[in-house]
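A.B. asks: Throw the hints in and build the complete structure from the sequences for me.
Protein sequence lines, in the order shown, are assigned to chains A and B. So for the first sequence, our numbering puts the first residue at 1; every next one is plus one. So for the second sequence, our numbering puts the first residue at 1; every next one is plus one.
FYI, nobody ran anything at the bench for these hints, they're computed from the structure. Since the structure is predicted, the reported quantities are computational estimates derived from the model, not experimental observations. Idealized CB from N, CA, C, for every residue including glycine. Keep in mind that the hints are not guaranteed to be accurate.
[Claimed, not checked] Among chain A residues calculated to face chain B with C-beta under 8 Å, some are: (1) G29; (2) Y30; (3) K45; (4) G46; (5) G47; (6) Y50; (7) P51; (8) N54; (9) G72; (10) R75; (11) R79.
[Claimed, not checked] If you want the ones that stay clear, here's a sample from chain A, every Cβ over 10 Å from chain B, calculated: (12) D4; (13) A7; (14) L10; (15) V13; (16) L16; (17) A20; (18) E26; (19) L36; (20) E38; (21) A39; (22) L41; (23) L88; (24) T89; (25) A101; (26) L105.
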Amino acid sequence: MAADRRANWLKGVLDLAVLASLRHGESYGYELAKALDEAGLGQIKGGTLYPVLNRLEEAGLVEAEYRAAERGPGRRYYRLTDAGRTALTERGASWLDFHEAVRALLKGGEA
Amino acid sequence: MNERYFEELADGLRRLGVAEDRIGPLVGELSGHLAETGADPEDEFGPAVRFAAEFAEGAGAEAAAGGPAADAERWVWSADASVDQEMMNRFGAQGWEIERVDHLGRFVSRRDLASPTQWEYRRDVVGRRDRAAHAEELAPDGWEPCGHWLFLAYSKRPLAAVAGPAADIATPAGRPGRSYYFTRGLWAPLAVLVASLALSGILLATAFATDSGGSTVRGMLFGLPVGLLLGAVGAFLAYRRKRAEYARASRRSNDGP
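C.D. replies: Put into structure tokens, the structure is as follows:
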């Protein structure tokens, strides 16, 4: 149940989390999934992550480049565009507002 | 194993109108991901059909294909009245939901790609004026109207209404190979009609060719109304007979034990 709830929360914020993970430089799918896991968002399956990356790319918030690897299959590297950086700032602020509101509500309930 | 998964995924994406130059790199990217995680493709990405639907949703497939929403596939099909119920329920079990019956009597259907579920159907004989009352009468059992054709009223309900989550479909069957299911019950009268028209045409042509036309026209003035009247009476009787027959059949199948 707890996992279901977290999965539902994640749906609303995953695109923002992906944008944030790309803030300091480019990355590829598997590495992004690891970074999100390490950040405490839990293990994100490829079936969830790649459609999000695709939507962000279609919206022009990230751009991707395929690079061949020395060994094994190549990787597709994603990086933020200017529009992506702007979206991250605006949506990030709006998420934090929301987060503060929920937090205040929960804390208020405790008191 | 992986190859089969990616083939299925590529097929799904193509069907949803995703451009070919997006499919190749995606498959490359996902193969790379699998190589690094060592995971099973179905565990990592979910069923190929569902993944294709989710991916296509963001890929602007709708605009590219100029077609329906990418979260569903569409199919227009038809069957004559002697097999339509059987076919509707067969395809309903595969997740096809009939949205309406078009003016040619074809079933316009959709299937949800992300979470297909089973549908069941029923057919009743209902007069035009009684359609609303009929729908109201069936509504408490979860039925809703999904189209009309002459005196036939079709209704659908999601099987989940009676079977719960068991009605969900994990791996939907492929798209049916045929879209038209007509039996001898339809072909035989049609063949008779075409043969009669051809025969009348030949007789008329012969009459005009051998005669100056005067007596043929006089003959037609008498023959045409008589023929039309006889034809109309025949058609009306056949319509009434079929209507009664289908009404009996639907009473048997719907009110049976």
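A.B. asks: Evaluate each hint against the coordinates.
C.D. replies: A quick look at each hint next to the structure:
1. Restraint check, G29(A) versus chain B: the minimum CB separation of about 5 Å is within 8 Å; hint holds.
2. About 4 Å separates the beta-carbon of Y30(A) from the nearest beta-carbon of chain B, less than 8 Å, and the hint is met.
3. Look at K45(A): its Cβ gets to within about 6 Å of chain B, closer than 8 Å, so that hint holds up.
4. For G46(A), the shortest C-beta to C-beta distance to chain B is roughly 5 Å, which falls under 8 Å, so the interface hint holds.
5. Because the beta carbon of G47(A) sits about 4 Å from the nearest beta carbon in chain B, less than 8 Å, this interface hint is met.
6. The criterion of a C-beta within 8 Å of any C-beta in chain B is met by Y50(A), whose closest approach is roughly 7 Å, and the hint holds.
7. The interface hint given for P51(A) is met, as the beta carbon of that residue sits about 4 Å from the closest beta carbon of chain B, less than 8 Å.
8. Here the hint on N54(A) is kept, as its CB sits about 4 Å from the closest CB of chain B, short of 8 Å.
9. A least Cβ separation of about 5 Å between G72(A) and chain B falls short of the 8 Å threshold, and the interface hint therefore holds.
10. Annotation: R75(A) was flagged as interfacial toward chain B, and the flag holds, the nearest CB pair being 6 Å apart, inside 8 Å.
11. Interface restraint check for R79(A): the shortest CB-CB distance to chain B comes to about 15 Å, outside 8 Å, so the restraint is violated.
12. No Cβ of chain B approaches the Cβ of D4(A) within 10 Å, the least distance being about 15 Å, so the stated non-interface status holds.
13. Non-interface status of A7(A) relative to chain B is upheld: no Cβ of that chain comes within 10 Å, the nearest being about 13 Å off.
14. No beta-carbon of chain B is positioned within 10 Å of the beta-carbon of L10(A); the least distance is around 15 Å.
15. The beta carbon of V13(A) is kept farther than 10 Å from every beta carbon of chain B, the shortest such distance being approximately 17 Å.
16. Distance check on L16(A): its Cβ is at least 16 Å (rounded) from any Cβ of chain B, clearing the 10 Å threshold; non-interface status holds.
17. Its beta-carbon lying about 19 Å from the closest one in chain B, A20(A) satisfies the requirement of being farther than 10 Å from that chain.
18. In this structure E26(A) is separated from chain B by more than 10 Å, as the shortest Cβ-Cβ distance comes to about 14 Å.
19. The claim that L36(A) lies off the interface holds: its Cβ sits roughly 14 Å from the closest Cβ of chain B, which is beyond the 10 Å cut-off.
20. Non-interface call for E38(A) relative to chain B: holds, since the shortest CB-CB distance, roughly 15 Å, exceeds 10 Å.
21. The beta carbon of A39(A) sits about 18 Å from the closest Cβ of chain B, which is more than 10 Å, so the claim that it is off the interface holds.
22. Look at L41(A): its CB is around 17 Å from the nearest CB on chain B, clear of 10 Å, so calling it non-interface holds up.
23. With a minimum CB-CB distance of about 18 Å to chain B, L88(A) clears the 10 Å threshold, and the non-interface call stands.
24. Even its closest Cβ contact with chain B, about 22 Å, leaves T89(A) beyond 10 Å, as expected for a residue assigned away from the interface.
25. Against chain B, the non-interface label of A101(A) holds: every CB pair exceeds 10 Å, the least being about 29 Å.
26. Every CB of chain B is more than 10 Å from the CB of L105(A) (nearest about 32 Å), matching its label as outside the interface.
The structure does not agree with numbered hint 11 stated previously, though it agrees with all others.
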